[in-house]
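Engineer: We have chain X already, so just place chain A on it with the hints.
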Amino acid sequence: MGENGKRNTRVGIYLCDCDGKLSKKIDFSKVKTVIQSKADFEYIRVAKRLCGPSELQELSEEIDKYSLNRLLIAGCSDPMINRRIVEVAENKGIVRYFVDFVDLFALSEGKKDATEDAIASVNETLDLIGMKADVKIEELDVVPDVLVIGCGIEGGVAARAISKKQPVVLIDGGLEVTDGLDLVKGAKNLTVKTNAKVLRVSGFPGEFLVRISENGKVIDQKFGAIVIALGAQPVYDKSKYGGVELGGPVLSLSQFVKSRPECAGKRFTFVLDKADQDSLISHATVLREAVALKEQGAADVNVFYIDMKVTADHLEQMYEKARSVGINFLKYVDDLEIRTTSTSATVRYREPFLPDVGIVEVTSDYLVLAEDFVPFSVTQELAEIMELRLGPGGFFQEDNVHFLPIKSNREGIFFVGSCHGPIHGTELTREVEAVAAEVGRFASGKVRVPALQPRVEAEKCAVCLTCYRSCPHKAIEIVHDESLNNMYHSAARMHPLACRRCGTCAAECPGKAIQLPLYTDQEILTKTKKPPTLVAFACENSGALAAELAQKLDSQFQEKFKLQVVRVPCAGKVDVIYLLKALERGAEGVLVFGCHQENCKYIWGNKRAIKRKEQVRKLLEDIGIERDRLEFVHIAANQGNQFYDAVKAMAEKVRQFGTNPGKVVR
Amino acid sequence: MIVAERKPIEKILEMVAPYKKILVAGCYGCVTVCLAGGEKEVGILASQIRMARSKEDNPIEVLEQTVERQCDAEYLEKFRDNIAQVEAVVSLACGIGIQYLAEKYPKTPVFPGVNTLFLGANIDVGKWEERCMACGDCVLDKTGGICPIARCSKHLLNGPCGGSQYGKCEVSKDVPCGWQLIYDRLKELGQLDKLKEIIPPKNWLRAKGPRTLVREDLTLER
Chain X
1 MGENGKRNTR VGIYLCDCDG KLSKKIDFSK VKTVIQSKAD FEYIRVAKRL
51 CGPSELQELS EEIDKYSLNR LLIAGCSDPM INRRIVEVAE NKGIVRYFVD
101 FVDLFALSEG KKDATEDAIA SVNETLDLIG MKADVKIEEL DVVPDVLVIG
151 CGIEGGVAAR AISKKQPVVL IDGGLEVTDG LDLVKGAKNL TVKTNAKVLR
201 VSGFPGEFLV RISENGKVID QKFGAIVIAL GAQPVYDKSK YGGVELGGPV
251 LSLSQFVKSR PECAGKRFTF VLDKADQDSL ISHATVLREA VALKEQGAAD
301 VNVFYIDMKV TADHLEQMYE KARSVGINFL KYVDDLEIRT TSTSATVRYR
351 EPFLPDVGIV EVTSDYLVLA EDFVPFSVTQ ELAEIMELRL GPGGFFQEDN
401 VHFLPIKSNR EGIFFVGSCH GPIHGTELTR EVEAVAAEVG RFASGKVRVP
451 ALQPRVEAEK CAVCLTCYRS CPHKAIEIVH DESLNNMYHS AARMHPLACR
501 RCGTCAAECP GKAIQLPLYT DQEILTKTKK PPTLVAFACE NSGALAAELA
551 QKLDSQFQEK FKLQVVRVPC AGKVDVIYLL KALERGAEGV LVFGCHQENC
601 KYIWGNKRAI KRKEQVRKLL EDIGIERDRL EFVHIAANQG NQFYDAVKAM
651 AEKVRQFGTN PGKVVR
Chain A
1001 MIVAERKPIE KILEMVAPYK KILVAGCYGC VTVCLAGGEK EVGILASQIR
1051 MARSKEDNPI EVLEQTVERQ CDAEYLEKFR DNIAQVEAVV SLACGIGIQY
1101 LAEKYPKTPV FPGVNTLFLG ANIDVGKWEE RCMACGDCVL DKTGGICPIA
1151 RCSKHLLNGP CGGSQYGKCE VSKDVPCGWQ LIYDRLKELG QLDKLKEIIP
1201 PKNWLRAKGP RTLVREDLTL ER
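So the sequence lines, in the order shown, correspond to chains X and A. Counted the way the numbering used here counts, the first sequence spans residues 1 to 666. Counted the way the numbering used here counts, the second sequence spans residues 1001 to 1222.
Calculated directly from the structure, the hints in this document are not laboratory data. The C-beta atom is built at its ideal place from N, Cα and C for all residues, glycine as well. All the pointers check out, no bait thrown in.
27 Å max Cα-Cα, derived BS3-like pairs, lysine-lysine: (1) K529/X - K1055/A; (2) K1127/A - K611/X; (3) K611/X - K1055/A; (4) K1011/A - K663/X; (5) K1020/A - K618/X; (6) K1007/A - K611/X; (7) K663/X - K1007/A; (8) K1107/A - K1021/A; (9) K618/X - K1007/A; (10) K1055/A - K618/X; (11) K1021/A - K529/X; (12) K611/X - K530/X; (13) K1055/A - K527/X.
Every beta carbon over 10 Å from chain X, so not counted as near; a handful from chain A, in silico: (14) Q1099; (15) G1145; (16) L1195.
Extracted from the complex, chain X is given alone in its bound form (with noise of 0.2 Å):
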């Protein structure tokens, strides 16, 4: 097997027995005999237990030695252990991508001799190997510069941070925040251009066009990436303390750490939980000043609180410093009343837990007010001429976990710190090191990419925009060449570094000109060419890990209920001929599983679905078919007991409803 040495696809297949564990079951020599005579493949090995130190050392000499480009691991399932495998891969230049993993002990599960699975199992997973065959490795060549937006700490530090590894230029974004430059001065790989705001962004990750106006001259500059790290705005909103006006002893918290009063012999007051009851900033501030003026000898420092937030790194720790060096924390249930002299101010509240006491005045020199923090006003201007999505309050950044932390809707372009809403300096921490690992891709000049994104056929596109406006990334771009053989010479184009592979675009081409890799109409189709009773297509980020548990709960399930699994890497990728044609073919009922509204991967792919469902449903009616045939079903990754009550109820419904009337008898 291993003579033909010019093969691309050089497989190594490692059959693990997971430390005696599956040998119980299947016949590890056997599996290796058998699939020795048949397949295609470079190296074969039965493994004693793979994860172990010496084994992996011993898998990462073996790339090299048998020049493997592709593995196929069977053994356990174990995430863990797989990341492992995989990180080895990654380090010798295979990607991820190209680690297949086979399930043994799901497949040996219920079963006395598991031998003719394993086999049957390894060989289905070859021949998907063979059909990733033709997927190229495509070496990119990208800008290594990075773009930082905004002059304020967070943008000081982002800055700062990405320039030790790759050329940064770091721009105010036209606000007048400039704090965070004294953090850069001296940085090498660092230019620092204030009054400049960005006008317009086109192209791609890798090689945006950016065009600034840095007081009043226009330069067009090409960078990899943009980061977005424009702080947040601290706003003091008096209605929130009875109307008490700034002024005086009266200071907002951002007045007072930017000029603190002269502390000694003094008393301070902070009021928190008035304003800014979304984030743990005020509450961090506010412990770190307390602390501060104590030591520099305040004679009294309270704080008056209603939940102490101390959800983040040290900062438990924080508050039992400040308890400890005899600042007093007062929490109060009531409002507070809030009264001022020239000299003076006094805060007035019931006290919650000591009904003895009742009401206490606690007066001091300085009243420090906790402030709300709202986007810079720039931040709408920005989002849309960089086609960037908003969440809550204005905020950059969508309202969805998978863009946590530093994600935007568009690859190559990230936020970082309270631009995405207020953040607490250990966060920020984490963020500016997730930033700069991901900008730092590029920081070499080139970038490897699977080249899996959607294939167009030139002869079919209309090029009529509707995959460029249904691309939830803006990965898409129009692309003219004369070579492109249809009237336009012209044709929509997925940029490699900007795609997410949804597939979105392919399920919405009205010519069926785009094929997603791996997840081609005639792929997805030729697996339900004879559907069982029910066929379910199941996004691989929620429904195909919730059917996995289905089949852990019970491992019968998809034969009980005659289900079949179809994988879509999101519930964006269903086309409507997918629905349609499994029910002609003879499916009684057909689910689409995706994830919860608000919580897709790729922004909008479970609306679409959602919508396609409505479109089926009608087109089924129409014929007079029952149109709750076809359902959409939200879940997420670990509800499999949804996952079989959802199979079940529309085993029951379809049982009800009798023989699909549709179906084509061929």
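Structural biologist: Frame of chain X; chain A shown alone:
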């Protein structure tokens, strides 16, 4: 672009009721762009017809084929093999394509699968608006680039009627008054004086019958 929409399925089923084998013919031109008659819509309609007929215990065979444009004879030629096998064709092209297809295959009944609606712009995915009525005598230079024929419900050429209120047409509060749009645009351009010019009535008589265009400077003498 020509904008069309799929006909209701019951109408199409009525048309193909007598037949056992048909072709659904799509077009990669305007009807693909307006999501009414491209390859995908061909697949959808074909599935729907098969299922509907299967349900009635009256199975039908449906072939599917889409060509570049149904308004050019050379592309229509591509249908020949399939049309030879079927009893009827449902075309998802615009009215032009349907007629031209019928003309090229005189022995096979050709049915419309779409209603051709108007000449319009694709505002966003799933949204189209009428912009031109192909009057053959463009006045957009006089009306600030906004067509009074297509955008005024009454096709008035010299200012709004009494039904223009608060910028809307009396036909519906969702329809802007075309003449209001024209006025606003001309004002913005500083060209309000253009409104003083009387646009003479158009000749809608079609004295010469259906319109043709022959450009002697281009026609090919074979």
